[in-house]
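Starting from the known structure of chain A, fit chains B and C onto it as the hints suggest.
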Amino acid sequence: MHKKSVEIWVGLFMVVAIAALFFLSMQVSSLNKFSVDSGYTIEASFENVGGLKVRSPVSVSGVKVGRVEAISYDMENFEARVTLLIDNKYDAFPEDTSASIFTSGLLGEQYISLEPGGSDEVLKSGDQIKLVQSAVILEQLIGQFLFSKADE
Amino acid sequence: MLSKVQQLGRSTISVLERLGRGFLFFIQLIAALPNVVTRAPLLVQQLYSIGVLSFLIIFVSGLFVGMVLGLQGYYTLIDFGAEESLGVMVSLSLVRELGPVVTALLFAGRAGSALTAEIGLMKATEQLSGMEMMAVDPIKRIVAPRFWAGVISMPLLAAIFSAIGVVGGYIVGVGLLGIDAGAFWSQMQSKVDLTEDILNGVIKSIVFGVVVSWIAVYEGYDAIPTSEGVSRATTRTVVHSALAVLALDFMLTALMFGE
Amino acid sequence: MSKQNSTTPLIEIRGLTFSRGERVIFDDIDMDIARGEVTTIMGPSGTGKTTLLRLIGGQLRPDSGSIRVDGEEVTTLSRRALYQLRKRMGMLFQSGALLTDMTVYENVAFPLREHTKLSPSMIRNLVLMKLEAVGLRGARELMPSELSGGMARRVAMARAIALDPMMIMYDEPFTGQDPISMGVLVSLIRKLNSALGLSSIVVSHDVAEATEIADHVYLISNGKVVEHGTPEQLNNSTSPWVKQFLKGEPDGPVPFHFEAGDYLDDLLEGPADAK
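Residue numbers (my numbering), protein chains in the order written: chain A, 15 to 166; chain B, 428 to 686; chain C, 85 to 359.
Chain A with its partners taken away, still in its complex shape:
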């Protein structure tokens, strides 16, 4: 019987399949770029988060340093509370760092941009960012523009 060659082929098949799975998880998905566990969380409250979603990126000067962990609504301040998960590598942001919601490109997705301040105090896990700028809502802008035109 050609039992040996059958076994070799099945073995090769397994190797190729596992390589494919490995390729999908390492190269296609972002497993190697950012790991969920190795981060700390900080919070920020926004008047309006616009189209921000869980898993949206958090970046500083255009470099991705974390992602949005959770978005909830705070019934005490009537604001949206966003939890950010930041990679442990970036653990020395000043306390007066500001957070803004921007849009990448005209129609692109929304993300949070952090801008470090000048304080000597450092943000720790669970801290709250005080300086925030909400998402820009296109409809509001257009509305304001029209009203100001009408006033003239």
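Since the hints were derived computationally from the structure, they do not count as laboratory data.
Just so it is clear, the structure is predicted and the values come from calculations on it, not from any experiment.
Where is the CB? At the ideal position from N, CA and C, for every residue including glycine.
The reader is advised that the hints may include incorrect statements.
[Claimed, not checked] Which bits of chain C does chain B cover? Going by a derived footprint, with three or more residues having C-beta under 8 Å, they are:
# : stretch
1 : 193 to 199
2 : 202 to 216
[What the hints assert, rightly or not] To be clear about the criterion: a stretch of chain A counts as covered by chain B if any three or more of its residues have a C-beta under 8 Å from a C-beta of chain B, and this derived list gives those stretches:
# : stretch
3 : 35 to 43
4 : 66 to 78
5 : 128 to 139
This is chains B and C only, laid out in the frame that chain A set:
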């Protein structure tokens, strides 16, 4: 009028009966898992004829589907100036939908029909009865290794399909159309999630593997033991598998990505 | 090996009734199959002779009645016990039912590999012994598709005796065989029966061969046992049906014509749409 109602009732009962027998058969297949594990050589033999022999068609189809996605995606995305997102589009389509679904459809045509025909012919030539009279349970000895080999092969083949498809998209997008390779990969990596997308795709293909293999071996085992009966069962395997895969895909997609 | 003493019959069938849908295949039949003998069951095509073998083997369950094989009630046996019993039964299907993806050697080795933990050399010896008994030791590397019908049946015989059963059931072993392979099969069935101390049940409608090898003959028709006894007793039977069947006369108690109205009336009536 009444006869129409009676006809409807009769066909309903026969469909339910078949489903019931199929379900009992499924339980027997699950129960036979220990036998399959303890007799690995039988499983390896079936992994060869089901998995390895389906490899080529999966490889070639995956490559072409990925290349077509790359081409079509490019022409759509370039209108929005978003051709850098081609990698995202290709990989998400493949990993979430096309990988599991197209693999399951090809699998039904390539391996499923062969399984039905093989088991059906063994039944028609009294090999299964003969085995029973030799005190060997044909479900454990013949059917279960084939079923489990199908269940194991499907997610592996789907992973190969998706991976090759992404490479196909890369060849067209980066190689032929000149998208920046870095943008292709980095956009893909930032948008494709391991659990959300890839794991869900794998779960889909495992479900399809169970369903298609089950349909294939059951149609063979339940076939009318004549050459006509076997050929009909083979056709039914392909048709029922395709319908089941597409319907299940809709339900699974709604469950997984719906939110 | 046998649990019962050798004077009781190997198989006792009492009041067996079996029907498929509306059709009654067996209607309250009794039968005894003696140990160490060749018992032939004959009857016209479609009388359920093969069904009887499947009932004895426990693949089918009767509507009522009892079937005792070597003292065990087949009809109520658990699945596990039934499989144990089947290891002591050999069955030869009409087509041989060889496993088409294995060689002759592997086919004969199959029951040994499934049911015993013998060493490869032991299995080899046993397989060659069984193949030698049916005269096909030289054909061991062939695939079933390369065998003639008669050879396939002989391989199936070797496989059936692989586990040294107490009995073998032959389903139509002579159908479609040329005279030479028929002669080979007849002498093999006799030889195996006496050499291995088996009991054999042969289902057939080949009158000459079946009566030649039989110690005891059962004639079945329309779900009933019409006659039974030794071949001589049957030859001397006064029943016109038995005579017609054994001599193969075209007309008799079993009419040549399918039930129909008067021939002349039928002809004169003309086509139905002519009216």
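Structure versus earlier hints - violations, ascending order: Failing hints, ascending: 2 and 5.
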